[in-house]
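There are 2 protein chains.
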Amino acid sequence: MTYTFADLENKINMAINELDYEKEPNSLFQPISYILSLGGKRLRPILAYMSTNLFDDDVDKTASPAIALEIFHNFSLLHDDLMDKASIRRGHPTVHKKWNANTAVLSGDAMLIDAYKHIVKVPANVLPEVLEVFTTTAMEVCKGQQYDMDFEKRLDVKESEYIEMIRLKTAVLIAASMKIGAILGGASKKDAGKLYEFGINIGLAFQLKDDLLDVYGDQDNFGKQIGGDILSNKKTFLLIKALEITNKENNAILQKWITAQDFDSGAKINAVKKIYDELNLESLTYKLIKKYYLAGLNCLLEVNVTEDRKEELLTYTNNLMNREK
Amino acid sequence: MTYTFADLENKINMAINELDYEKEPNSLFQPISYILSLGGKRLRPILAYMSTNLFDDDVDKTASPAIALEIFHNFSLLHDDLMDKASIRRGHPTVHKKWNANTAVLSGDAMLIDAYKHIVKVPANVLPEVLEVFTTTAMEVCKGQQYDMDFEKRLDVKESEYIEMIRLKTAVLIAASMKIGAILGGASKKDAGKLYEFGINIGLAFQLKDDLLDVYGDQDNFGKQIGGDILSNKKTFLLIKALEITNKENNAILQKWITAQDFDSGAKINAVKKIYDELNLESLTYKLIKKYYLAGLNCLLEVNVTEDRKEELLTYTNNLMNREK
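For the record, the sequence lines run as chains A and B.
Numbering-wise (my numbering), the first sequence opens with residue 1 and increments by one.
Numbering-wise (my numbering), the second sequence opens with residue 1 and increments by one.
In short, the hints are calculated from the structure, not lab data.
It cannot be assumed that every hint is accurate.
Heads up, the list lumps identical chains together, so a pair's fine if it works in one copy or across two of them.
As the list claims (entries may be wrong) - BS3-like mimics (lysine-lysine), calculated; alpha carbons at most 27 angstroms apart, straight line:
(1) K248 / K11
(2) K158 / K98
(3) K189 / K268
(4) K287 / K61
(5) K287 / K235
(6) K291 / K310
(7) K189 / K117
(8) K153 / K23
(9) K235 / K256
(10) K325 / K256
(11) K287 / K158
Quantities reported herein were computed from a predicted structural model and do not represent experimental measurements.
Whenever a hint applies, use it, and build me the whole structure from the sequences.
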């Protein structure tokens, strides 16, 4: 059978609710329970399940890696929020704000170990391969976060460097979720590889869409404050591209706003957005998103299963691409 | 053949020197290379090798888990030093002092993942069992660190709670190193279990000896400042035991020194040591060390290999117990 998005979302949310963090020491496990309860799209486990389901009617064998991928993702959010000094995650205080920095460090460590606790439950015959994908990916996510932090201190980041950073920080975990799901479903090496490539491409498109929505999203749909990335000088694709291609004069204006200590929020957003508009960055970014999305679809096309099995995955990724928040 | 301590120390140091952290981003990998180069006893990998060697002449199969155990241990030191705000580790600045807190968080994360990268290289037939021991142990080490931090805010920690804390924070990793070494050597479940118990007992004895040396060590041999734990109010076995068994009057004196902001270092050390002396804590702690050490030796006695194969391990642990620093 083919599971719908709703079936799978339900599966993963039930599995997360059943995780037992009512353990001692409470001070270590409560923050883990807290961050996992804040919700989110559950993108990675759903993609893992869908990838298994391309090849196999039984998706429950993917339960452990699905949970592991979601725990790992939340571990990386927990530590990233600490490093980025972010106060809010999914509308709630971040762990280091609600508790303290030490709690964020240690509960995050425990989550990373807990992710391994779940991933090692896959059948012994696929264990070495799944672990290889998971561990390589986990290290790449760390590298991506390091590049992201390194880029904060630079004004000369190139587009290619930015794409490599988001590939590591965001796309590889999405791709790995699909590859691990495919391996559990008994996919051929070639098909698992094609799904990985599909994941890389939609992961890149997904992050670029995030960057775009922050500036050109509809305030009523977006949920967050439009222009938040501009206010915090976040090195998004738009800012990096603007710094790369704009003339000297506008470059100086951008740098002035980036370094300004006291400013009117609306004025900063308008000034930066004006430069983005002049450079046609909205349509330029859309073109790039489309390029990656289409490259992804081409990979999925080559996966050797009947088209009707791909339908749910196609609908899901299409909805993600067209989301307004 | 039986490898000597010197052979094995050489093996592990060579393996650490050969690790390649000359990778990008440099800002992520340089701190890993740094902390691993600071030396240390290499206790855990040496015990892993010796445990394999009890059962098998070929110890090189233990190279990957040995490295993994040393990397994991150094990961925990790196994050603990950050949480404990420690400035010096093995005579050199700690990672968060030499770089910054974010570097300590992320490079530590990368080390934990790197430890897994090495541990998964064990032969597939023992992989599930080795991973189970390693992951359970890693989580226990986190629990131990959390209890240690929780205890900082308490003045009523009981001896049994303290022993459980050091079991988790220190002893289980030593025990796991021996168990993993034994599994790689092809030990029976019973023998691997006995070596684990041996490791728990010598791990406890080892930590208690550490606590004791801080107060009653010989300054010329010790290398560190005698009384350092007293000055930093570290909840050692001696302080916890003193707070538990002393009379009201001395308890008040201890609490006064613990909470004092401005004090003469020598006066504080002398005052606290005077109470320890009155309570006979030196001999009481030695008795406890001996109790655990003997319990450990009894476990080793039951391991089903000829006595001559145990000699190197016995000499090594005996030297550890009698060390003056």
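Quick rundown of the hints versus the structure:
no.	hint	result
1	K248 / K11	neither (53 angstroms within a copy, 58 angstroms between copies)
2	K158 / K98	neither (36 angstroms within a copy, 29 angstroms between copies)
3	K189 / K268	neither (50 angstroms within a copy, 67 angstroms between copies)
4	K287 / K61	neither (38 angstroms within a copy, 52 angstroms between copies)
5	K287 / K235	within (19 angstroms within a copy, 61 angstroms between copies)
6	K291 / K310	within (20 angstroms within a copy, 65 angstroms between copies)
7	K189 / K117	both (25 angstroms within a copy, 21 angstroms between copies)
8	K153 / K23	between (41 angstroms within a copy, 20 angstroms between copies)
9	K235 / K256	within (15 angstroms within a copy, 51 angstroms between copies)
10	K325 / K256	neither (29 angstroms within a copy, 56 angstroms between copies)
11	K287 / K158	within (18 angstroms within a copy, 65 angstroms between copies)
The structure is inconsistent with the numbered hints 1, 2, 3, 4, 10, although it conforms to all the rest.
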